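Participant: The chain contents come next:
Protein chains: 2
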Amino acid sequence: MPLYTAGSLKSELNDRGWRLTPQREVILHVFQNLARGKHLSAEDLYNLLQNEGEQISLSTIYRTLKLMARMGILRELELAEGHKHYEINQPYPYHHHHLICVRCNKTIEFKNDSILKTGTKTAKKEGYHLLDCQMTIHAVCPTCQRALLPI
Amino acid sequence: MPLYTAGSLKSELNDRGWRLTPQREVILHVFQNLARGKHLSAEDLYNLLQNEGEQISLSTIYRTLKLMARMGILRELELAEGHKHYEINQPYPYHHHHLICVRCNKTIEFKNDSILKTGTKTAKKEGYHLLDCQMTIHAVCPTCQRALLPI
DNA sequence: CTGCTTATTGCGAATCTTATTTAATAAGCA
DNA sequence: TGCTTATTAAATAAGATTCGCAATAAGCAG
Numbered sequence: 001m002p003l004y005t006a007g008s009l010k011s012e013l014n015d016r017g018w019r020l021t022p023q024r025e026v027i028l029h030v031f032q033n034l035a036r037g038k039h040l041s042a043e044d045l046y047n048l049l050q051n052e053g054e055q056i057s058l059s060t061i062y063r064t065l066k067l068m069a070r071m072g073i074l075r076e077l078e079l080a081e082g083h084k085h086y087e088i089n090q091p092y093p094y095h096h097h098h099l100i101c102v103r104c105n106k107t108i109e110f111k112n113d114s115i116l117k118t119g120t121k122t123a124k125k126e127g128y129h130l131l132d133c134q135m136t137i138h139a140v141c142p143t144c145q146r147a148l149l150p151i
Numbered sequence: 001m002p003l004y005t006a007g008s009l010k011s012e013l014n015d016r017g018w019r020l021t022p023q024r025e026v027i028l029h030v031f032q033n034l035a036r037g038k039h040l041s042a043e044d045l046y047n048l049l050q051n052e053g054e055q056i057s058l059s060t061i062y063r064t065l066k067l068m069a070r071m072g073i074l075r076e077l078e079l080a081e082g083h084k085h086y087e088i089n090q091p092y093p094y095h096h097h098h099l100i101c102v103r104c105n106k107t108i109e110f111k112n113d114s115i116l117k118t119g120t121k122t123a124k125k126e127g128y129h130l131l132d133c134q135m136t137i138h139a140v141c142p143t144c145q146r147a148l149l150p151i
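First to last, the sequence lines map onto chains R and C.
Reminder that position 28 of the first sequence reads as 28 in the numbering used here, one-by-one numbering, no gaps.
Reminder that position 116 of the second sequence reads as 116 in the numbering used here, one-by-one numbering, no gaps.
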């Protein structure tokens, strides 16, 4: 899980016959400058770019997010909102995980070094090239436990 | 993560003012009798029931799957197909996790006792009531590493 | 630097999954 | 046994993501 610059992104793309476009560069830049713990949906990213005066189509955003997740640059998070979120994929010691309330969708980040170790070991054992490893805990938060009415 | 019978499901539902319907009973039964390691999408379950002559609408299936996941009866898995899969939520020592190839979507199940312990501890520390904890590894399988062409 | 090949973009339409609305039904309780 | 209201089926809608295609432009060869 290396950290990318525009240059290293370009060479990794070109090595595979792909191209570095201004759109891809801009999107990488957004994620690299995102506050720690923040993650964006495709729609979020689209709006954010609109507000900055950057005109990138939703199609391109979806394509780029998927591409970068498959390259290991971004992590694809399945939180509780019904659509995917993305964040930059950083190695130890920034690597973290999510605790989600299934009722109110509140999400807490937590760290645990042994998880990444387990992921690395498991992938290696099977001959897989590791891109990302996530632990997701589904639970009911204290507030929703007390308000025991809704689903 | 207790194991449910139709009876215990009924009392847990009734305690909250909800009802045990034949549809819910049938769906629980399907998951309880599923071979270990098998998981179903809403569509899968719908087709399976159709073939058995059970007529349960897709709406009801979606509602029931979500309900049972929120009760902790089922695990909601986000594998690579673009839609959710469900399986019965079994405690140690049947608790397991998934290693997914992001290119061909091949999925391998693996076990690791310490993950469930970490999940339990983390949820407890935050005062959350644990329903499920999953580790998901995104990686590239040996076959797709060799065929280095597609995304 | 210039031109060529083809990956990539933007747009609109299509698709796929999931949620919602509504009238009819039936579970659970008194 | 009857009443209240949660639940169902069916149709419709909503939301997220993908696809097809023509126009554009990145990267390579000369």
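Heads up, a few of these hints could be off.
A pair counts as met if it fits within one copy or between any two copies, since identical chains are not told apart.
[Stated by the list, open to error] With a cut-off of at most 30 Å between alpha-carbon atoms, the simulated DSS-like pairs for lysine-lysine come out as follows:
#1 K125 with K111
#2 K106 with K124
#3 K10 with K66
#4 K38 with K10
#5 K106 with K10
#6 K125 with K38
#7 K106 with K125
#8 K124 with K84
#9 K124 with K66
#10 K117 with K66
#11 K117 with K38
#12 K117 with K106
#13 K121 with K111
#14 K106 with K84
Calculated from the structure, these hints are not laboratory results.
Just so it is clear, the structure is predicted and the values come from calculations on it, not from any experiment.
Participant: The structure should be examined with respect to each hint, and the outcome stated for every one.
Facilitator: Tested hints:
no. : hint           : result
1   : K125 with K111 : both (24 Å within a copy, 13 Å between copies)
2   : K106 with K124 : between (33 Å within a copy, 16 Å between copies)
3   : K10 with K66   : within (17 Å within a copy, 43 Å between copies)
4   : K38 with K10   : within (25 Å within a copy, 41 Å between copies)
5   : K106 with K10  : between (37 Å within a copy, 29 Å between copies)
6   : K125 with K38  : between (32 Å within a copy, 23 Å between copies)
7   : K106 with K125 : between (35 Å within a copy, 16 Å between copies)
8   : K124 with K84  : both (27 Å within a copy, 27 Å between copies)
9   : K124 with K66  : within (24 Å within a copy, 34 Å between copies)
10  : K117 with K66  : within (25 Å within a copy, 32 Å between copies)
11  : K117 with K38  : both (24 Å within a copy, 27 Å between copies)
12  : K117 with K106 : both (27 Å within a copy, 22 Å between copies)
13  : K121 with K111 : both (18 Å within a copy, 12 Å between copies)
14  : K106 with K84  : both (15 Å within a copy, 20 Å between copies)
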